[in-house]
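From just these sequences and the hints, can you work out the full model?
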Amino acid sequence: MALKSNTVGKYNLDFKLFGIIPIRSMVIDVFPEVKVIPGGHSIGVILQSDGIMVVKSSFVVDSKGHKRYPALNAGLEVGDKLLKVNGVSIKNKYHLAQLIQNFGKEDEKLRFKIKKQNGVIVSKTVTPVVNKEGQYMIGIYVDDGAAGVGTISFYDPQYKSYGALGHMITEANTQLPIDIAKGEIVKAYISGIQQGKSGIPGEKLGTFFKRQGLIGDIKKNNRFGIYGQLFTGLQNPYFDQAIPVASSLEVKEGAAKIYTVINGGTVDSFDINIEEVKKQYKPAEKGLIIKITDQELLNQTGGIVQGMSGSPIVQNNKLVGVVTHVFVNDSSKGYGILAQWMLMQTKYWEQTKKTREKVS
Numbered sequence: 033m034a035l036k037s038n039t040v041g042k043y044n045l046d047f048k049l050f051g052i053i054p055i056r057s058m059v060i061d062v063f064p065e066v067k068v069i070p071g072g073h074s075i076g077v078i079l080q081s082d083g084i085m086v087v088k089s090s091f092v093v094d095s096k097g098h099k100r101y102p103a104l105n106a107g108l109e110v111g112d113k114l115l116k117v118n119g120v121s122i123k124n125k126y127h128l129a130q131l132i133q134n135f136g137k138e139d140e141k142l143r144f145k146i147k148k149q150n151g152v153i154v155s156k157t158v159t160p161v162v163n164k165e166g167q168y169m170i171g172i173y174v175d176d177g178a179a180g181v182g183t184i185s186f187y188d189p190q191y192k193s194y195g196a197l198g199h200m201i202t203e204a205n206t207q208l209p210i211d212i213a214k215g216e217i218v219k220a221y222i223s224g225i226q227q228g229k230s231g232i233p234g235e236k237l238g239t240f241f242k243r244q245g246l247i248g249d250i251k252k253n254n255r256f257g258i259y260g261q262l263f264t265g266l267q268n269p270y271f272d273q274a275i276p277v278a279s280s281l282e283v284k285e286g287a288a289k290i291y292t293v294i295n296g297g298t299v300d301s302f303d304i305n306i307e308e309v310k311k312q313y314k315p316a317e318k319g320l321i322i323k324i325t326d327q328e329l330l331n332q333t334g335g336i337v338q339g340m341s342g343s344p345i346v347q348n349n350k351l352v353g354v355v356t357h358v359f360v361n362d363s364s365k366g367y368g369i370l371a372q373w374m375l376m377q378t379k380y381w382e383q384t385k386k387t388r389e390k391v392s
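Numbering (our numbering), first residue to last: 33 to 392.
Calculated directly from the structure, the hints in this document are not laboratory data.
What you are looking at is a predicted structure, and each value in this text was computed from that prediction instead of being measured.
Do not take every clue at face value.
Taking lysine-lysine pairs in the BS3-like style, the calculated list, with each CA pair at most 27 angstroms apart, reads [what the hints assert, rightly or not]:
#	residue 1	residue 2
1	Lys289	Lys311
2	Lys289	Lys242
3	Lys310	Lys323
4	Lys318	Lys251
5	Lys137	Lys123
6	Lys284	Lys242
7	Lys123	Lys147
8	Lys284	Lys314
9	Lys365	Lys350
10	Lys310	Lys350
11	Lys219	Lys289
12	Lys147	Lys214
13	Lys289	Lys229
14	Lys88	Lys125
15	Lys148	Lys164
16	Lys242	Lys67
17	Lys192	Lys379
18	Lys137	Lys88
19	Lys219	Lys148
20	Lys67	Lys116
21	Lys219	Lys252
22	Lys99	Lys88
23	Lys156	Lys141
24	Lys214	Lys145
25	Lys141	Lys99
26	Lys251	Lys192
27	Lys141	Lys116
28	Lys156	Lys88
Computed beta-carbon distance windows for the label pairs [to be verified]:
#	residue 1	residue 2	range
29	Glu308	Ser121	47 to 53 angstroms
30	Asp272	Val120	50 to 56 angstroms
31	Arg143	Lys289	25 to 31 angstroms
32	Asn295	Val120	44 to 50 angstroms
33	Asn361	Glu138	53 to 59 angstroms
34	Ser301	Gly119	32 to 38 angstroms
35	Ala106	Glu285	52 to 58 angstroms
36	Asn361	Gly119	50 to 56 angstroms
37	Asn348	Asn150	24 to 30 angstroms
38	Glu65	Leu237	34 to 40 angstroms
39	Tyr270	Lys148	35 to 41 angstroms
40	Asp211	Ser301	21 to 27 angstroms
Yeah, the Cβ is synthetic: ideal placement off N, Cα and C, and Gly gets one too.
So this is what it looks like as structure tokens:
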């Protein structure tokens, strides 16, 4: 049961015969009507991680030709985030490499401040090893962020907050979550489509520049997508007014549309079919199974491709979901997340929740 109200939350609903005799009780979720503007715009996503992530352990061949494992022996693990070395904050992976050389030349051990995957802060001491080229090494591969192409899902014209992607950005090698130190979204232009092959998903071929076309920041990166604040206004040619976000129980199997960019920077509309709506009573991923039915989109992309994540799904003039994943063995089909769960991650939701509480 979905009820509209100014006050969000769970409520007990009692059924009585003739208004007197109790029959049954049930708990209902009240989802207030909130309006946003669907996205569809292609964006470049740039994340700088909070800490330098260890993505692989390796060995170092020392000056005598022996294999050494300095980082592994010191207890460094894949997924560790290196925050400081000898009291110096590590800015990026290139800075880390320079610090290792500098301290190594001074014959200093490396005292790392590390954030473990469970959030616990620990210290580990590593003795760098000199290789045959005279470089100081510790035997790890690291990464300091991520960049790629995605799609804006929705934004609100009042508080300028947005949601995008519909899934978490992870480190490419480990698939572990990235803690954000700094994040930005910028304008992206689609120059072509690499169609998928059997077992290999296709992708949008996008171009963006880190210092041009800044659209907004990224404040949150979780399993429901990325979220932040817009610095500039966006226009969707199909929506000059905000539309309601559907509650999870309002979404139906049947025809719908997605909005995405497949050429340049123009948002286009395409037909899909919602084949399955999963019953979800709390925030979760993959609440929808969708199928592309638009022949033009199938001809140009083969179906759902990488970079399409975040494309909004609209049904009956309501935002019902967002494209998130493609079926590798059938690129015409994929998963979507219910828009309700994404909305609840935004600053807009928090602001409207405070307003509703004041009114009530």
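Going down the list of hints, with the structure as the test:
1. Lys289 to Lys311: 21 angstroms, holds
2. Lys289 to Lys242: 31 angstroms, violated
3. Lys310 to Lys323: Within the cut-off at roughly 15 angstroms; holds.
4. Lys318 to Lys251: Given pair Lys318, Lys251 holds - Cα atoms ~23 angstroms apart, limit 27 angstroms.
5. Lys137 to Lys123: 20 angstroms, holds
6. Lys284 to Lys242: 40 angstroms, violated
7. Lys123 to Lys147: 15 angstroms, holds
8. Lys284 to Lys314: Answer holds: Lys284 to Lys314 is near 18 angstroms, not above 27 angstroms.
9. Lys365 to Lys350: 21 angstroms, holds
10. Lys310 to Lys350: Measuring from Cα to Cα gives roughly 18 angstroms; hence the hint holds.
11. Lys219 to Lys289: Between Lys219 and Lys289 the Cα gap is close to 23 angstroms, so the pair holds against 27 angstroms.
12. Lys147 to Lys214: 17 angstroms, holds
13. Lys289 to Lys229: Between Lys289 and Lys229 the Cα gap is close to 24 angstroms, so the pair holds against 27 angstroms.
14. Lys88 to Lys125: 14 angstroms, holds
15. Lys148 to Lys164: This hinted pair is violated, its Cα atoms lying about 32 angstroms apart.
16. Lys242 to Lys67: 31 angstroms, violated
17. Lys192 to Lys379: 9 angstroms, holds
18. Lys137 to Lys88: It holds: about 24 angstroms lies between the C-alpha atoms, which stays within 27 angstroms.
19. Lys219 to Lys148: Since the Cα atoms of Lys219 and Lys148 sit roughly 34 angstroms apart, the hinted pair is violated (cutoff 27 angstroms).
20. Lys67 to Lys116: Violated: Lys67 and Lys116 sit about 44 angstroms apart, past 27 angstroms.
21. Lys219 to Lys252: Given that 27 angstroms is the threshold and the Cα spacing comes to 19 angstroms, the pair holds.
22. Lys99 to Lys88: Holds. Lys99 to Lys88 sits at ~16 angstroms (cutoff 27 angstroms).
23. Lys156 to Lys141: Roughly 10 angstroms separates the two Cα atoms, so the pair holds.
24. Lys214 to Lys145: Satisfied, since the Cα-Cα distance of roughly 20 angstroms is no more than 27 angstroms.
25. Lys141 to Lys99: At roughly 19 angstroms apart (the allowed maximum being 27 angstroms), Lys99 and Lys141 satisfy the hint.
26. Lys251 to Lys192: With Cα atoms ~13 angstroms apart, Lys251 and Lys192 stay inside 27 angstroms; holds.
27. Lys141 to Lys116: Between Lys141 and Lys116 the Cα gap is close to 13 angstroms, so the pair holds against 27 angstroms.
28. Lys156 to Lys88: Cα-Cα ~17 angstroms, so holds.
29. Glu308 to Ser121: 47 to 53 angstroms: Since the Cβ atoms of Glu308 and Ser121 sit about 48 angstroms apart, the hinted range of 47 to 53 angstroms holds.
30. Asp272 to Val120: 50 to 56 angstroms: Since the Cβ atoms of Asp272 and Val120 sit about 52 angstroms apart, the hinted range of 50 to 56 angstroms holds.
31. Arg143 to Lys289: 25 to 31 angstroms: The hint (25 to 31 angstroms, Cβ to Cβ) is violated, given that Arg143 and Lys289 are roughly 56 angstroms apart.
32. Asn295 to Val120: 44 to 50 angstroms: Cβ of Asn295 to Cβ of Val120: about 47 angstroms, so the range 44 to 50 angstroms holds.
33. Asn361 to Glu138: 53 to 59 angstroms: 56 angstroms, holds
34. Ser301 to Gly119: 32 to 38 angstroms: 55 angstroms, violated
35. Ala106 to Glu285: 52 to 58 angstroms: With Cβ atoms ~55 angstroms apart, the hint holds.
36. Asn361 to Gly119: 50 to 56 angstroms: 52 angstroms, holds
37. Asn348 to Asn150: 24 to 30 angstroms: Once the Cβ atoms are compared, 44 angstroms apart, the range 24 to 30 angstroms for Asn150 and Asn348 is violated.
38. Glu65 to Leu237: 34 to 40 angstroms: At roughly 39 angstroms between Cβ atoms, Leu237 and Glu65 fall inside 34 to 40 angstroms, so the hint holds.
39. Tyr270 to Lys148: 35 to 41 angstroms: 46 angstroms, violated
40. Asp211 to Ser301: 21 to 27 angstroms: 36 angstroms, violated
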